[in-house]
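> As a plain string of letters, each chain reads:
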Amino acid sequence: MADIIEMPKLSDTMTVGTLVKWLKKEGDSVSNGDMLAEVETDKATMELESFFDGTLLKCFVEAGAQVEIGSPLCAIGEKGETVEAPAPKAPAPAENAQPATAAPATPAAAPITPAAITPTPASSPIVPAPASAAPAAAGSSAAGKLRISPLAKKLAAEKGIDPTRVKGSGPGGRIVRADILAAEKNPAAAAQSAGAAAGARPAKPTWAWRSALDKSAIQAPGIAPLSNMRATIAKRLVESKTQFPHFYLEIEVDAAPLGALREQLNAGLGADGVRLSVNDLILKAAALALRAVPAVNASWSDAGIVSHGATHVSFAVAIDDGLITPVIKDTDRKTVFEISAEAKDLAKRAKAKKLAPAEFTGGTFCVSNLGMMGITRFHAIINPPNAAILAVGATVKKPVVVKDQITIGERMVITLSCDHRVVDGALAAQFMNAVKAHLETPALLLV
Amino acid sequence: MPTITYREAVRHALAEEIERDEAVVLLGEEVAQFNGSYKVSEGLLERFGPKRIVDTPISEAGFIGMGVGASMLGLRPVMELMFWSFYSVAFDQILNNAANVRYMSGGQINCPIVIRGPANGGTNVGATHSHTPENVLANHPGVKVVVPATPYDAKGLLKSAIRDNDPVMFLENTLLYGEKGEVPEDEYLIPLGQADIKREGTDLTIVTYGRCVLHSLAAAETLAAEHGLSVEIVDLRSIRPLDIDTVLHSVAKTHRVLIVEEQKPFCSVATQLAYMIQRDAFDELDAPIKRLSTIDAPAIYSPPVEIEQLPNPKRIIAAALDAME
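Top to bottom, those sequences are chains A and B. Residues in the first sequence are numbered consecutively from 1, following UniProt numbering. Residues in the second sequence are numbered consecutively from 1, following UniProt numbering.
Here chain A stands alone, though its shape is the one from the complex:
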């Protein structure tokens, strides 16, 4: 008797998931632990794992289809068994939908008649790709030099595939487009390499000079269908900007001590793998300021102001086609080194769309930093249900007045966007002064 795999609920806000790609096809034999498909939710792309042994008998949906929670995706059973497409079901209750809660309890044997199908919780949990997938044999780097066609290089970057793990089939082992497309179909290798590539450096804008003489169209006109992530970003930010009465406070921070501390720590502890970013220090400073002014660590609700007992600071990470805000739990209680390591890991996996829902939900405050991209100041939109978001600009050298003398200083502008229903101006000013004090006395961040 075949087992029916359904679309599980993978995040609090998920109502439908997109079946991005089948990793197995009908007739393939499937073992417990095999990845069946990639599923994109409103937050992340994850892999659907099989907890059954048998043969993939039938795929009920095609790649690209949007599938409601609880609707059947495929059937696994004995080779030769016939199955009919069951009717879609109502969404499974939320408590049945905790992702990755493993415990593959023996699912109730489901008869194939649609009426008799019972919910089989945990029968199809989606888990992030194993982080220790075996790397594909690298065949294209002779003497450390990677041979790859320009197109293949671009494709690899777009798809988050680490080309050093791809074997080239072109002359002299050159990696060509077909090799990248093949690597994409091998998700284990691709997933791991994606992480490796993504963590390498902060996102940079991908643009290039284009000659004014180039009269070709700037791009193909048309409408791209909304990804789940794009639709969620749109929905939540329109909700925020239309329903949350925003106001903005800006303060200039003397960033010289912060930069000096960071240099000292990175130089002194670099051998131990410490590589602090300015943002790591800001996350810690924000968390400590929330401790000092806890009224900012709150949310609006119709029932009243919700005060949060812990500081969970999230930070915005640009990823393909959007952004996501991974959360560092109990930020104030962690050392900057712990924060740094955790932030790097979260950002890396965010770019590979491999975050578990718990890792990007539950934040109580958010930091958005465009300083590394040269933006000097900006106003962010509050990430619901937070009451405020801190926008961080670049550190710039500029003339400043110190003791009535003009001298060269290093300055950073930080801007707080506040929900005025929760946070008033004077309160927000206290918070900003607390952030500034911590950043300008950065030894406090090490306590």
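Worth flagging that the hints you see were computed from the coordinates, not collected in a lab. For clarity, every value in this text was computed on a predicted model and none was experimentally measured.
If you only want the chain B side, here are some residues facing chain A, beta carbon under 8 Å, derived: (1) H255; (2) D283; (3) E284; (4) A287; (5) E325.
Backbone N, C-alpha and C fix where the C-beta goes; we use that ideal spot for every residue, glycine too.
Add chain B to chain A, keeping to what the hints say.
Just chain B now, kept in the frame of chain A:
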């Protein structure tokens, strides 16, 4: 649609323009009484008389210079070279005078001259009669260079060339004069600087022009039938102005390029194309740009060897397979 030869297509374009505009005249060696060395101008003397169809002495420097002067004074002369190989006798007239006069007069003097004739190898006429100077001509700002491959293109482009206010170098091919193709009876023009996709494909772009278009089309048939390759053929038609956009769009589609030219390889048209393709479509390339040119030697007199010196379908197939590696 009537099927006519390339030779007739050129003749029709000349006749229509001579009839349409009294400033248009045809001059050259043997164009009038002998009906043209390749019979392109057959019947034109009879039809338009000796004031419009004029035989010249065998002196390219002299009669091309006369044509350049006439064009500066308001005529639209079409000058026939028996072989483009002898353009070098009139190098100063063409590339020093005609090319520069509009610029040097501050735009006060135009030079609406067309210089046309065959420029090709493959006819066993020896090294001094087999030059293909489109690269040398196109190297000079101020001139336009056109190399049509089909009767349809030859007629539409020649009419545009005659109406153009700048000097246009129109390179024909003795081996194409007898090629037939469909040409509409109604008047049409093909703008200079517009390439044409002669065959659509997805695996490899062959950028070419002139007679190599026909060779490439033949090669593409074999590549499809025997190697399962889908080849797209971009016929440049104009070397200058150059329609690089069409080339780049095709490269973005197939990601691999072979340039085929009846040109000596050093500083050739393909050299310029390869530079522009890598500059503007580097990230679209899945393999190095390949090219197939004439083998780098004076035109070889031995007929069987000359065939192998020039691009031919067999060499194009080999080069295409190399580009697909």
